[in-house]
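Residues per chain are reported as follows:
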Amino acid sequence: MSTNPYIKQTFNIQKQSQLIRKDFPLLNLYSGDNQLHYLDNAATSQKPQQVIDAISDCYQRVNAPVHRGLYALADESTTTYEKSRKKVAQFIGAPQSEQLIFTLSATESINMVAQGWLKHHLNAGDKVWVTGMEHHANLVPWQRVCKETGAELCFIELTEDGSLDLDNATELYSEKTRFIAMSHVSNVLGVINPVKEVTQRAAQAGIPVLIDATQSVGHIPVDVVELDCDFLAFSAHKMYGPTGIGALYGKADKLATMEPMLLGGGMVDEVGDYESSWASLPSKLEAGSPNLAGAIGFASAVDYIESIGLQTIESIVSELTEKALFALSNINGIKIYGPLDSERREGIISFNLDGIHPHDIAQIAGESNVAIRSGHHCCQPLMRRLGEVATVRASFAPYNIEEEINALLEVIETAQSIFMPR
Amino acid sequence: MTTNTVYKEVLMDHYRNPRNFSDVSQSEAVHRGSNPRCGDDIKIGVDFDGDNIGKIVFQGRGCSVCMASASMMTESVTGASKNEVLELTEQLREWFDEKQGDTPAPLETLFALDALRQYPARRRCVLLAWDALESIIQVE
Ligand SMILES: Cc1ncc(COP(=O)(O)O)c(C=O)c1O
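Residue numbers (the numbering used here), protein chains in the order written: chain A, 1 to 422; chain D, 1001 to 1140.
For the record, the hints were derived by calculation from the structure and aren't laboratory data. Warning: the hint list may mix true and false statements.
[To be verified] For lysine-lysine, the following DSBU-like pairs were computed, each having C-alpha atoms within a straight-line distance of at most 35 Å:
(1) A:Lys147 - D:Lys1043
(2) A:Lys83 - A:Lys196
(3) D:Lys1008 - A:Lys323
(4) A:Lys127 - A:Lys251
(5) A:Lys251 - A:Lys87
(6) A:Lys335 - D:Lys1008
(7) D:Lys1082 - A:Lys335
(8) A:Lys119 - A:Lys83
Chain A on its own, in the form it takes in the complex:
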């Protein structure tokens, strides 16, 4: 099935995830019968001690205003902030650190591009393309900008197995298309989309592409030069970093022509009484006092990932996913969404059980300390396409162990024994 060379070393992989698990204090709070089976990683990942320490160290040793003081400590805070930017920028292969803007979240990053860039490049009758599997964060901002400009929002639909139906999106690269926004990995289907294929053809047609990489950075290799995308958005909290900080990568020419959404301190050059000019990048797009502790935490999450190795993370998660998919697909009355081929997915599995509402399954799971999610996962348009109101979702991280798949299977068995018609 899988050609991943790590898969063969099953024993080592399990040992690895046990080791990794030790780094996560929250998971180790619970033991024995109370052990927490955290399978809601696509919503937010847990944080390793290394990241927690880095944030705490920031406040104990480094804290001072960034880009504002002339004393030694302020120098250090500024240097550390910029070093963090460099770290995160390098992690995604950004040619220049200045191309990495710290934001509040992937959500903010995408909104910045919609309102700060695309809005100024759209006219009535133009087309903006998204896919039928987008998170609301990568849909609603485009809905608004299309409404505001009279542009048309178009959808790349899905095939039966939840892949993008690129073959039938015939107008995708047409002359009318001004922008394409798509996710790298779906937070519901787990499917890895062929983003490179799209950026290549879009580049030939001169169409900018934004990739929502919230579920891919830190999970699978992401290199913005190789992907050749114009914008890329992601959040630290989905990759073992803190909440409250995300990033926007942009090609230099795109960021240069981007209007700041937030105005205020730090982002200006000259401020007259009635008019002001903007600072250079990246400051132009980072108004207000920067999130120093967040940036430090973000960079330390990258350090953490690099210390384990992205390949190891991928191998562990892919092995868990393959095992879970196999076990789940043998359950009577289950429907699993997205491709069953684990090579084309990340560690996210959404499913439904005949005759049992997802909410009921998640509740029963919760009572067994199995943290899974039920709902629309911020993907209502996708739910409509799947013909469901909600799904159950389990998602894996490298600190998950095989035992936790069994815990999930037991939950399903319990749910079926309670709810199945007698």
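Starting from the known structure of chain A, fit chain D with the ligand onto it as the hints suggest.
For chain D with the ligand alone, coordinates are given in the frame of chain A:
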């Protein structure tokens, strides 16, 4: 508390055999209650008999809690006056928000909901039908 006690026989019975579960399109007043976040989507239909609830039905899809609560509601309010229903709805909310304690359910027919009071995440599921009925009465 174990799962089996939560989904007490009573709740499960209402879920499996919902009372007054039928087409609402013939009802005098209809209101939809939906919670897209978890996928509950029901409609409540009422025929008034003067100031009282003459006939009440519901229709839709939802989790066991939402469906059972709607079913129990239809049994509990048939024949009640509008004011009685509004009062009962308020009492139910307060009772639910208390989360635990010895206060009995505002109506005996609703006692099984006690098992759910410790789950704040289910509040919306329990109250969805009641909120919809309240809206119907308030616009009447
Ligand atoms: C695919 C995808 N895009 C965007 C987001 C939004 O991320 P955030 O809430 O951190 O801004 C999420 C998070 O759920 C996601 O899974």
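Checked hints:
1. A:Lys147 - D:Lys1043: 31 Å, holds
2. A:Lys83 - A:Lys196: The hint holds at about 29 Å.
3. D:Lys1008 - A:Lys323: This hinted pair holds, its Cα atoms lying about 34 Å apart.
4. A:Lys127 - A:Lys251: 21 Å, holds
5. A:Lys251 - A:Lys87: Measuring from Cα to Cα gives roughly 18 Å; hence the hint holds.
6. A:Lys335 - D:Lys1008: 27 Å, holds
7. D:Lys1082 - A:Lys335: Answer violated: Lys1082 of chain D to Lys335 of chain A is near 44 Å, above 35 Å.
8. A:Lys119 - A:Lys83: Holds, at roughly 32 Å.
Checked against the numbered hints above, the structure violates only hint 7.
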